[in-house]
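For chain A, the structure is supplied; the task is to place chains B and C on it using the hints.
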Amino acid sequence: MTGTLLSIRGLTKAYPGVVANDSVSFDIGAGEIHALLGENGAGKSTLVKMIYGLVKPDSGAMQMRGAAFAPPEPRAARAAGVAMVFQHFSLFDALDVSENIALGMEDPPPLRDLAARIRTVSEEYGLPLDPYRTVGGLSAGERQRVEIIRCLLQDPKLLIMDEPTSVLTPQEVGILFETLNKLRDEGTSILYISHKLEEIRTLCDTATILRLGKNVGTCDPRETTARQMAEMMVGSELQTPKGAGGTPGAVMLDVSGLSLPAPTKFGTALKNVHLRLHAGEVLGIGGVAGNGQDELLAALSGEIRASRDAIRLKGQDIGHLGPTARRQRGLLAAPEERLGHAAAPDMSLTENALLTGAVREGLTTNGFLRWGKARDFAETIIKTFDVRTPGPDNAARSLSGGNLQKFVIGREVLQRPEVLVVNQPTWGVDASAAAAIRQALLDLAGNGTAVLVISQDLDELMEVADHFAALNEGRLSDTRHTGDLTIEEIGLMMGGAHDGMEVAHVQA
Amino acid sequence: MFRLEKRPQPSRVFAYLTPVLAVIATMFAGGLLFAALGKNPVEAIRTIFWDPLFGEFAFYYRPQLLVKGGPLILIAIGLSLGFRAGIWNIGAEGQYIVGAICGAAVALAFYPLDAWYIFPLMILAGALGGMLWAMIPALLKVKFGTNEILVSLMLVYVAENLLASMALGLLKNPEGHGFPGSRNLKEYPSAYNEPILVLDRIPEPDTCSGISGLFECARSGSYNVVADFSSGMHWGVLTAFIAVIFAYVLLNRHMLGFSIRLTGEAPRAARFSGVSPTRIILFCLGISGMMAGLAGMFEVSGPSGQVSIDFNVGYGFTAIIVAFLGRLHPIGILLAGLLMALTYIGGEIAQGNLGLPSAAIQLFQGMLLFFLLAVDMLTNYRIRLVKREAA
Amino acid sequence: MDLSSITPALLLASLMVAATPILLAGIGELVVERAGVLNLGVEGMMITGAIFGFAATIETGSPLVGFAAAAAGGALLSLLFALLTQIALANQVASGLALTLFGLGLSSLLGQDYVGLKPTPTPSFNIPLLSDIPFLGHVLFSHDLMVYFGLGLVAAVWALLKYSRAGLILRAVGENHDAAHALGYKVVRIRILAIMFGGACAGLGGSYISLIRVPQWTEGMTSGAGWIALALVVFASWKPGRVLLGAWLFGGVTVLQLNLQAAGLAIPVEYLSMSPYLITILVLVIMSADKSRAPASLGRIFHASG
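Residue numbers (the working numbering), protein chains in the order written: chain A, 584 to 1091; chain B, 72 to 462; chain C, 469 to 774.
Excised from the complex, chain A in its bound form (with noise of 0.2 Å):
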């Protein structure tokens, strides 16, 4: 190690209604790879906008290697040598993988050089890639190879990653952590951004952790135990959830056979799903990133109708219901994203309320609606769950994302459902609202519903979870009981070998 590369001193950047960066300063060596820690709202996001220049700081100064850096734009730090995979928003979809990387060059080759250069260091780096192809066929995986290779032509010395793991099987984990190992080795400095303590502690070299916009510590993630840096994040201890620990009953859900052609050109096409799912059983469904996790959602709450027989909901035929059968029949949904699919971003929770409730909540009568009732549903919600919001009449947008997520899935949870099907029950919320959410469905289990939870996080699905089964490129795996469960065999599940005997295979 060689010094000090980049020098933050005092950053602070104020929203209106929340201080997302309090004075924040620490350094980052020179070919070492410093964890910037921290959950969902502490801040990672915009310290990370403001070292890549989307972002001005209201005060305090940065240096690069003694001198002062202050970009006005991601020009200017990319000049500066700073490079940035994002999490999500920044590939094109319609463009193949050359000219996606020509957009994140100042200064590119010909597109034909560039193709080359491309092949060549993807290679050298491990990390396959065809630069004719188009970004938007490619798997979460592959695309984020895009974004490092982009990152690595430009020779960064900081390179900065934002969660890169989250779209990752845990053997495409691996291949990353050896890439990262190498560039350090060659003197690149890398801004790791993850909340995943074990990741952390594997990888970096010096933490740093954030909590509610402020530095509250720097460590050697390798001399910290998780346990010590969880507590610096969180501030305080975390209850872990109970689960119910009820013995499954009758088959609620029975999926047999279900195929959907897929709904938009980038979309995931469902191949003979099969899944059993029993009363009072929480089955958690893993998988990375655009594997079918948003069409199994949307097949299984009616917004895309499948042959009749596909899915039988108590011995039911329900395939061809829309979601306003399906929910007075007792199957409940809540998707993955909450501001334009589970909730109308521009209206009040009232009206939310509304949006699923209407037909087990009593909420009309011949059509017309019953306002009083539908506000009361709503503050019913807010108080159960514990939505910190001035009133029903407040627009959903206005909800931070943990306070909508409870939301949401109270909304469901308060329908008494049958069968409760939910995506990303947690993603992007703050750890005190993710174990309430976790609790809330644990809770539901134990009482007999049938809970279904979609999830890419999987620590998430171990701890709630009575059985696991992966999606991979719409194919769903076998069911395995969670409990018997090794990390090789989930990585392999989510890659796609769903036979059991090719899991002992690969093991012996």
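It should be emphasised that the hints constitute simulated quantities derived from the structure, not laboratory data.
Chain B is nowhere near these chain A residues, computed Cβ spacing over 12 Å in every case:
no., residue
1, G586
2, D610
3, P693
4, D696
5, P753
6, T801
7, T807
8, D837
9, G1078
Taking lysine to aspartate or glutamate pairs in the DMTMM-like style, the calculated list, with each CA pair at most 20 Å apart, reads:
no., chain 1, residue 1, chain 2, residue 2
10, B, K77, C, D646
11, B, K243, C, E738
12, A, K779, A, D1042
13, A, K779, A, E615
14, B, K243, B, D381
15, B, K110, B, D122
16, A, K740, A, E615
17, C, K630, A, E689
18, C, K654, A, E689
19, C, K707, A, D679
20, A, K639, B, E76
21, A, K848, A, D679
22, B, K77, A, D929
23, B, K257, B, E246
24, C, K630, A, D690
25, A, K639, C, D646
26, C, K654, A, E656
27, C, K654, A, D690
28, B, K110, C, D581
29, C, K630, A, D679
From the three backbone atoms N, C-alpha and C, an ideal C-beta is built for every residue, glycine too.
Only chains B and C this time, still in chain A's reference frame:
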């Protein structure tokens, strides 16, 4: 430098304030325009906005407000339902024409039979005609995903040609000495959309003083005079008011209205909620076509009187402005429709008195929509002044 | 009826002329839409271009000045749309409609004093030698400059979009404005420029109608050409080459129905006049099966937060 900042939720105050701001801004810009045309801007604005309501001949112009406002409101209410759901029917002009043709065709088919059921049948035909015309873009959108904006608009040009062909051919007045245009429905009592008299508001021209005098005038054949000087109420205006109430109840009290709003606000959430996009498309386009068709039918059987080449005067397009100016809210549309009618009438007066070209009024109306869209962001965003930071 | 009056060479030559206005407006709108903006005000910008070009030609006697004025007029009007949608973040559909209504009013106000006048004729430009080739010479090589300009513009737009960095950035902005912003591209600035280019093209297209195709000024003389240009972009699946193909198709239909009218076909004139609009609908229906080509950010409002 300033920057826009999204409000946590839409501002109620600005929701009401923006149309008012837009009208004021338009008056200013319009004043400048009129000044550029060599007219006294204050006088022009007064002529347009004040004289029809409170000027010397207000007793004549006030009822005109309803005659002109009726079709605008009726069409705009229909359009607003679609706009709320993100369905853009901009071919109301065509549906208006087809409604008029269908209504008039029924009347002319029965001519000269005297029967009570002819007028109701005409209403039915007008409503159906407009609805079916709007069903073309609706079905194409549902079946093939065709863009309804372009299709509904293309159908305006088709309808205009159809109108010309009807006025020159099928519906031409056989006793019209070869002139284009149909028989005048004002002279066919069973088909005439006669004014509904609101007696206590009737002014008293010399020849028709007193209630008995009025009826005398009506009987003696100077009926039109009475009609023009009456309240301006006719069945179309009444229908427009009913439409306002209907839309209000639908949007605020009924699940279907909620589904329409939800579809516009968040289409994916609507689908998740169980709303069928197909049904919303068919309903919104169908009902807006029906209302435009009705407006056309009431116009052809009343104020206009006949199917002629230049029957349509752009109500279908102006209604788009009315719908937005009323912020797609039924009560707002009612007020906006009356305001827009005022600019039509005031524009005509200004044309006569000040020589203001009619195109200037058209431009004025276009400006109104511009300003409205420009200030509308204040509902959802707030403006913050920021000092430009040294880069 | 006398169909012998319709000669193929003349028909094809006038097809090229009839196609030019919508070709110009269509290629401009294509660039706008590839940048992710839906400007429904093409009709308004065309008619404004028509009167600007006409008035400038009458006043100066030079059609060239007229075309320049038309392009400037169209671009100026489109700037209003740009302000509304890019700065004030207004709904693009509504703003486009407003632009059309405004343009129609503006043009008829400006055009009052120009009704019935004849503009200076634009010289035809016979390409030496090539125009002497029998049949083809007449069809392809003896037109006014604007016809060739239109063809050149299509080629230029095609090459720029496909091969240049500017074209790549424009497409990127239209595909995913959030990503383009994250990479540091000035989404709003790029879109405003695209919108103004579209306005200039529409203005040129409009002036071609008032200066060459008709040539005189009447109110509302574009009669839906702007809307057909919009349909053309859908028809073309946002590909420049296919805009040309589409423009020729619509031009062909227009010319054919005019010729049939002139030849005294037994079908009433009104039904023939409907045909371009009906064909447009038909083509839209056929093409709407394939939606995948549309730029992914088309019509969406961009607001850079935080």
